[in-house]
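Build the full structure now, drawing on both the sequences and the hints.
Residue numbers (UniProt numbering), protein chains in the order written: chain S, 1 to 340; chain C, 1 to 340; chain H, 1 to 340; chain U, 1 to 340; chain R, 1 to 340; chain B, 1 to 340.
The set of hints was computed from the structure by calculation and includes no laboratory data. Among the hints, a few may not be true.
[Claimed, not checked] 30 Å max Cα-Cα, derived DSSO-like pairs, lysine-lysine:
#  : chain 1 : residue 1 : chain 2 : residue 2
1  : S       : LYS125    : H       : LYS2
2  : B       : LYS141    : R       : LYS125
3  : B       : LYS125    : R       : LYS2
4  : U       : LYS155    : C       : LYS2
5  : S       : LYS236    : S       : LYS205
6  : R       : LYS141    : H       : LYS141
7  : B       : LYS2      : R       : LYS125
8  : R       : LYS2      : B       : LYS2
9  : R       : LYS148    : R       : LYS205
10 : H       : LYS2      : H       : LYS141
11 : U       : LYS173    : U       : LYS125
12 : S       : LYS125    : H       : LYS141
13 : S       : LYS2      : H       : LYS2
14 : U       : LYS2      : C       : LYS2
15 : B       : LYS141    : U       : LYS141
16 : C       : LYS141    : S       : LYS141
17 : C       : LYS125    : U       : LYS2
18 : C       : LYS125    : U       : LYS125
19 : S       : LYS125    : S       : LYS173
20 : S       : LYS2      : H       : LYS125
Every value quoted in this text rests on a predicted model; they were computed, and no experiment measured them.
Okay, here's what each chain looks like letter by letter:
Protein chains: 6
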Amino acid sequence: MKILTFGEMMLRLKPLAFERILQTNTFEAAYGGAEANVAVSLALLGHDAAYLSKFPENPLGDAAVGTLRKFGVDTSRTLRGGPRLGMYFFEKGNGVRGTGVVYDRAGSSIATATSDEFDWSTLLKDVGVFYFSGITPAISKELEIALKSALDYCKANNITVVCDLNYRGKMWKPAQAQVVMHELMPFVDVCVANDEDFEAMLGIKAFDGDLSNGICQIEDFREGMKEITKRYPNCKTVASVLRDINSVEQSDWMAILYQNDQFYDTPIHNVNVMEGVAAGDAFGAGLLHGLVNKLEPQETIEFAIAASVLKLSISGDLNLVTEPEIRSAMQKGANARLSR
Amino acid sequence: MKILTFGEMMLRLKPLAFERILQTNTFEAAYGGAEANVAVSLALLGHDAAYLSKFPENPLGDAAVGTLRKFGVDTSRTLRGGPRLGMYFFEKGNGVRGTGVVYDRAGSSIATATSDEFDWSTLLKDVGVFYFSGITPAISKELEIALKSALDYCKANNITVVCDLNYRGKMWKPAQAQVVMHELMPFVDVCVANDEDFEAMLGIKAFDGDLSNGICQIEDFREGMKEITKRYPNCKTVASVLRDINSVEQSDWMAILYQNDQFYDTPIHNVNVMEGVAAGDAFGAGLLHGLVNKLEPQETIEFAIAASVLKLSISGDLNLVTEPEIRSAMQKGANARLSR
Amino acid sequence: MKILTFGEMMLRLKPLAFERILQTNTFEAAYGGAEANVAVSLALLGHDAAYLSKFPENPLGDAAVGTLRKFGVDTSRTLRGGPRLGMYFFEKGNGVRGTGVVYDRAGSSIATATSDEFDWSTLLKDVGVFYFSGITPAISKELEIALKSALDYCKANNITVVCDLNYRGKMWKPAQAQVVMHELMPFVDVCVANDEDFEAMLGIKAFDGDLSNGICQIEDFREGMKEITKRYPNCKTVASVLRDINSVEQSDWMAILYQNDQFYDTPIHNVNVMEGVAAGDAFGAGLLHGLVNKLEPQETIEFAIAASVLKLSISGDLNLVTEPEIRSAMQKGANARLSR
Amino acid sequence: MKILTFGEMMLRLKPLAFERILQTNTFEAAYGGAEANVAVSLALLGHDAAYLSKFPENPLGDAAVGTLRKFGVDTSRTLRGGPRLGMYFFEKGNGVRGTGVVYDRAGSSIATATSDEFDWSTLLKDVGVFYFSGITPAISKELEIALKSALDYCKANNITVVCDLNYRGKMWKPAQAQVVMHELMPFVDVCVANDEDFEAMLGIKAFDGDLSNGICQIEDFREGMKEITKRYPNCKTVASVLRDINSVEQSDWMAILYQNDQFYDTPIHNVNVMEGVAAGDAFGAGLLHGLVNKLEPQETIEFAIAASVLKLSISGDLNLVTEPEIRSAMQKGANARLSR
Amino acid sequence: MKILTFGEMMLRLKPLAFERILQTNTFEAAYGGAEANVAVSLALLGHDAAYLSKFPENPLGDAAVGTLRKFGVDTSRTLRGGPRLGMYFFEKGNGVRGTGVVYDRAGSSIATATSDEFDWSTLLKDVGVFYFSGITPAISKELEIALKSALDYCKANNITVVCDLNYRGKMWKPAQAQVVMHELMPFVDVCVANDEDFEAMLGIKAFDGDLSNGICQIEDFREGMKEITKRYPNCKTVASVLRDINSVEQSDWMAILYQNDQFYDTPIHNVNVMEGVAAGDAFGAGLLHGLVNKLEPQETIEFAIAASVLKLSISGDLNLVTEPEIRSAMQKGANARLSR
Amino acid sequence: MKILTFGEMMLRLKPLAFERILQTNTFEAAYGGAEANVAVSLALLGHDAAYLSKFPENPLGDAAVGTLRKFGVDTSRTLRGGPRLGMYFFEKGNGVRGTGVVYDRAGSSIATATSDEFDWSTLLKDVGVFYFSGITPAISKELEIALKSALDYCKANNITVVCDLNYRGKMWKPAQAQVVMHELMPFVDVCVANDEDFEAMLGIKAFDGDLSNGICQIEDFREGMKEITKRYPNCKTVASVLRDINSVEQSDWMAILYQNDQFYDTPIHNVNVMEGVAAGDAFGAGLLHGLVNKLEPQETIEFAIAASVLKLSISGDLNLVTEPEIRSAMQKGANARLSR
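Shown next, in the form of structure tokens:
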């Protein structure tokens, strides 16, 4: 089953080791973006994953597209053209210093694309699952419009729609986000809602926003998840990651899947975080893997959280791991639970 | 005497060694831009050099400003704010493969600055020489307006105006450039005109554009230089670099100074080019050094061309050399002439 | 038209800059091999290029396959399994020190593959051109057998067969090579014969082997090329590169195409060699590009030699250039001829 | 208010990552030294900070001075000349292996400077605060003499004198140090005394020297701090950092400020140490920031310890952080206290 | 006393930092192998250590031999020749992702050596201690035969034989290993048995194989150690390391020495693991150091475990530490015990 | 025959690629020094070469000694102790910018050694050839005294004395050098005199000092060489390298051997210089190789110059080449002659 993900992929520039931008004279280059990360994970897990975005016709665009292809993603549906590749500068934090990001994505090829560049009947041909995150409609009004057309097409053609709410406070404010999401959510079949997504994206109070303390608010999360399915009855599956982030390096992670009025909880993984980025995308891909392959709900959510915590050990935005490695991490989580 | 230069400074990202953007996963970071390069050269030569631009309030802006300060440039007059730092990707060529540049400077802080942000009576206080290149008015209409105000102020306050024509075909076309320069040139006291500048910036046919063959067109250059002083009588000094670029690595360089109806030619330097960028800025700074220090015209132009060819041995945009090193290179040029 | 190339791709490990293996503690990793290089070049030129080899099921095999995919090569026909990825250590020479290679390719997955692993009716399905070099039959007896089956299939199905003779003295001796090639050549439609290939691979005396002096033996080359078409009448197209290698850094290159009893010569390119590896593969790909696209013979051979000399400016085994870049290098060659 | 700091700045050479000197072939270069680090921190916090030392007239001296300038330090008062730049080799430890230092600072330009090179009436012109650490008088007898002249000048001109005792056992022994400090302390207005400083520098028994166990000796620290103000009544402000260093990576840090017979304690920061160097200098600069800006004592000491623990996340000797980042770390400390 | 160690040394290729093989384009090169690591440790501790293996006559062989010589190992007895140097790719894990190894050692010079290449009367001349690990007989049948001849010679000449059982599941299976070891053990005087060695190499059930839980099985270890001395009465000394590996980064380590019917236990070291490789070899060398220098048993085993945990802080396979550094780590262990 | 070389070995720190010290933040570390370089070359050529100096007891001293051992030099006679390892910073030039060196060798362990630390009867035991360069007596008066004692011992024990005059203008002036050398030369059996050595070290006018023009002064060189043997009749063999250095990258090199009243000239090698350092030491070692192995004079000097020009292709101070590689370079030189 072909899975198409739709969003923005950027050049990520990171100073070596723990250097700051102010002091470095070398940047490590990588390419990533929420929906692209999901596509790469799915391809590495053996799925027929395609990615849709718009890349400039220059070597940076070529490198981004090449990165997707390297890991098996079908890039034949992506658009080329426009002014530039978005990018972001990434300073890895440690100890009391948090990780920092300087975005430089305005005016990118995808951000300046118009909705009529997307011919959904062609782009979604033979697609079984369409995936986007809340970042995509935040990029531009045109992308919001394009997305709506896509969802209409999905509805009409029985394509499953998966959305990771993925609120980004630097891109839009809750008031705007909620208006947009309120239009899109009725089309969503599977929803991933983490951390501040409930409130910022949907206006549902579920989590008080204290990332050092997510897991003990598990009942609030459950209420929020139920509320999503109540408000948007088309959405029958909701998944959430709960986290206690103790420091840049130390965290506890678990996940919940809500499906058919039932909750499936994973054990808590106590993790050492080497690079705390894109773990949510790894989770989304793991979830999709379970859903598409029709794994049991408990196995599905355990697979998803294991994929997610494994990402924390990988450099770059892409979760370059294999299915056996994820399954091995699942078992560590199981052990972890037992030993508590 | 305080010298103020005005323009755009960018982050330069270069793949390691001779790698292409498409294949690299590491970029070397440096900061440069025509007028900033001139300011750094002047500061290293002991002048009181200040730089004016607008840098974002983020670590990239801090790093650019810090780079200027490191080499002794006064950055107290520069503006801060705006969306982003312009940047460019730089692929060093070799053999039959030319050096390549991917610009990503649209929407930068300086490009989006408005003319009224520049309070010239403050910015030009105690300034003796004002330097800009033809890149500055090409950046935006607002900068063109700001520049005109600056030149008015200079005229009224006896500040010497120096302009390196510096045509950039990726930024504007000759037709536009000529209209703008025709307004600015009447204020210019010292003009640097190289290669295609004569025609593209001023509409003067002087050089046929064949960079492998500049030196044997020396008489055409002389005519062009005279023509400038005829058209713009305020401009009493014109300097040009003539080049035979044989390959990415091998070139011959010489320069001519035209002053008070007299031509001063330098010997030809046969140079091995390690990094062929910003040599024109090194030339402009060397010229200014001679003019400000009232060196003899022959010494001035020999100093300028030596500074320029020395730059070809330095990594990055900045000509990190000392006056004794330039003087030593001058002597090599003299020898070179004798041995021909 | 689908083009399938068949051979061995290896991990290339190169000490940084000009370090020797004995002194380095860092190796740059790249992946390449004659036929893989050709496939990548063809894909970058817009062809539907597929590659056939056998890669181990480990991260090194994944990385090699991923490299091919990154640049657009179809890897769906390649085999996976076996013990290891072949590799070679590459010491870049300079001045009087030649480039050195330490091969470590024995026992690789492709070298230990058996002929019955290759189901040619599937592998060559819809293929219009089949490409191999003389390295492939030198790898093992089983590959020689597999190749013969492939050629039989090609003959029976009107698939054009292209062979770059590519003699490798470290893999077999002329006596062995000639026996094998004598069996294979009758199936070859297009043959690339360079340097010592004539004698070592076919037993034809054409070139005395002095690489500092190839171009002035042009008439001998022509005789050799004619002789190939005489001996193997199926082979109607022969192309050769002639070189004067003056030092590790300086060379002159030209090429000849022989087709329909006519010779087409390119101008001589005087080139600065940054990395003297895989230029022959770039030539072969350029030749195929011209033949498949039915360019004029003169344009075809000029395109091929330009692709080849451009490769000398690129790091790694793969000719990461675009068609416009090759066309630009063609013009430099034309100029070069005129200026002599 | 201009703040002048006086000491030695060195080239720091560090093997990559966790390599040992014995095995590395690459050193990362940085420049630092206690008083230079303080000056950089102050400049980054917006103060008018100047640095005084003596640097050789060579590229290493230029690079050190340029580093100061890059981060905004006024270097116009520093001396140039003398034989060499002091340096030290830095091996970052981990786990059970402690961080190692090989000093190579003998015979440096500042160590061989004579006291009459320092014309204090010029050097201290318009200075409001003079800062030195106990390292400065340990460098040479001449510097000790110079320092005494400076302190005399400060006394006569109402310049506040701040001293971080900073005992360095590799430079002198307690007996020598105590004699010298006994002469200098009567001029000191603000004193930073950490760890073994009390005993080694002043002969006051306050702390038993066990760095894994400093915080539980808080009452001994208080006694020591009081004792300093009793012995040297001019010194009305004393600040100390108390630490439990559990391993190279894990520590607890807190600080006490003693002012006007009152103690102000910070919360305990539990920190992950990325690079355990120059945190004391960051503390001193934070303290000065609070004192100069007349912050409340409690805010001052909390700011100072936050600056200090933040340094542990930064590569190199310089605390390249912003005031908002320090204030954010202060709040984490507050939280930390609450959660205990 | 000359100590000869016998085994295989390989090139180790490791991606930078935490990169995966799949994503890296740079490998760090190091050379190591169990018995070579022991020889280097012994040489650094002042012993006359020699190493025996067979290295190819190429730059990789030279580099491996040179590495041994650099750290003082006598390589005059080692053989040269054969096809290649074995190698392995090493991916450093972190958090939930374990460290990964891709072996590529088949067909190496030592693996293809024949037993008659080893002239033991020459090779063991003046040798007092002969050391090998269980890896050596696993490499090939010929090496197994060579080893038996060596042990016969040792027996006849009163050379002490030390064996670290060192089971490697990727090289052979317990059934094979036990047959071979049953022949070799009667010659062994000192045996190191860790983790799964008891069962896999000797068929003794001592440890359940759960590496997160070794220390609490201390009594089972003691039984296993006694059993070895019972079965092989020539073996009067047995040493074991017991570990609780909590994560890639966190472990507890202790060791037991069994000698003359007595057990000597070390304190538990709680360690932060930077690179978890070759710690067993460091342990074996520390043990040998104590035995050869006739230290007290308690001091011997504490020295050995301290050497071992110190290795976890060192990059590469070689334990590049000094005796004083090991003794300092011993004291930390003692403290650790006290503080529990 | 054991060959002992005596001098100073330093840490060499070089910015990456062509960076300047002022701009780099990474130094490549290597270890070298004239006499150490000779010892390494000899060991690589199969000689029993030992090195004598004094190294500090710290990791830098260990690394320097380890480097010697790695390449097979016997370091058992070298002294350990003293304050520091000398070092130098090396900026590789290109084009018109010459290579630059910043020495930091004052106060090193060898420079502060006293003459009585050298017990020559032990140090020279079983030595057949003693080698030093003119740098050694320039280091300190004590080393000059030590050297005289060594030469006395050599004379009395029939040890051949070889001296490369090696004038270093940054270490002493001709007047001093000539006094010292006048005392030492009567003991010298074989003398290498290059470039300015004749005049600066011996007061013999032979070469006008113009390095762009050495070869055409060949007759002056011959006169100078004869003059040496006339003045110091014990010196029966003199060798010189003659060079035309055209640019940092391009040179012509040849050599002359004068022995038994006869001159032996090599062909001229036209060389591309990658790193122009330590070629003289490579020459000296090549000469010694011929003399010790009693090669014919013509072969000896051709071997020496080939070793020297080959060094220009190697990174670092050490000529890491094999005898076959030198012999291959000899043949290129021979060809070069023929083709002229």
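Hint by hint, here is what the structure shows:
About 24 Å separates the Cα atoms of LYS125 (chain S) and LYS2 (chain H), which keeps this hinted pair within 30 Å; it holds. Distance check on the hinted pair: LYS141 (chain B) and LYS125 (chain R) sit about 46 Å apart at the alpha-carbon level, beyond 30 Å; violated. At most 30 Å may separate the alpha-carbon atoms for a hinted pair to count; LYS125 (chain B) and LYS2 (chain R) meet this at roughly 24 Å. The hinted pair formed by LYS155 (chain U) and LYS2 (chain C) fails the criterion: a straight-line CA distance of about 37 Å is larger than 30 Å.
In summary, the hint linking LYS236 (chain S) to LYS205 (chain S) is supported, as the alpha carbons are separated by about 20 Å, within the 30 Å threshold. The straight-line distance between the Cα atoms of LYS141 (chain R) and LYS141 (chain H) is roughly 28 Å, inside the 30 Å bound, and the hint therefore holds. Of the supplied pair hints, the one linking LYS2 (chain B) and LYS125 (chain R) holds, its CA atoms being roughly 24 Å apart against a limit of 30 Å. The suggested pairing of LYS2 (chain R) with LYS2 (chain B) holds, with an alpha-carbon distance near 24 Å, which does not exceed 30 Å.
Taken as a hint, the LYS148 (chain R) and LYS205 (chain R) pair is honoured in the structure, with Cα atoms around 26 Å apart against an allowance of 30 Å. Distance hint between LYS2 (chain H) and LYS141 (chain H) is fulfilled; the C-alpha atoms sit about 27 Å from each other, no more than 30 Å. Taking the CA atoms of LYS173 (chain U) and LYS125 (chain U), the gap is near 34 Å; set against the 30 Å cutoff, the hint is violated. As the CA atoms of LYS125 (chain S) and LYS141 (chain H) are separated by approximately 46 Å, the hinted pair breaks the 30 Å bound.
For the hint linking LYS2 (chain S) to LYS2 (chain H), the alpha-carbon distance of about 24 Å falls within 30 Å, and the restraint holds. Distance hint between LYS2 (chain U) and LYS2 (chain C) is fulfilled; the C-alpha atoms sit about 24 Å from each other, no more than 30 Å. Note on LYS141 (chain B) and LYS141 (chain U): the hinted pairing holds, with a Cα-Cα distance of about 28 Å set against a maximum of 30 Å. Straight-line distance between C-alpha atoms of LYS141 (chain C) and LYS141 (chain S) comes to about 28 Å, which keeps the hinted pair within the 30 Å bound.
Of the pairs offered as hints, the one joining LYS125 (chain C) and LYS2 (chain U) holds, with about 24 Å between alpha carbons and a cut-off of 30 Å not exceeded. Pair hint LYS125 (chain C) plus LYS125 (chain U) holds up; C-alpha atoms about 26 Å apart against a cutoff of 30 Å. At most 30 Å may separate the alpha-carbon atoms for a hinted pair to count; LYS125 (chain S) and LYS173 (chain S) exceed this at roughly 34 Å. For the hint pairing LYS2 (chain S) with LYS125 (chain H), the CA-to-CA distance comes to about 24 Å; that is within 30 Å, so the pair holds.
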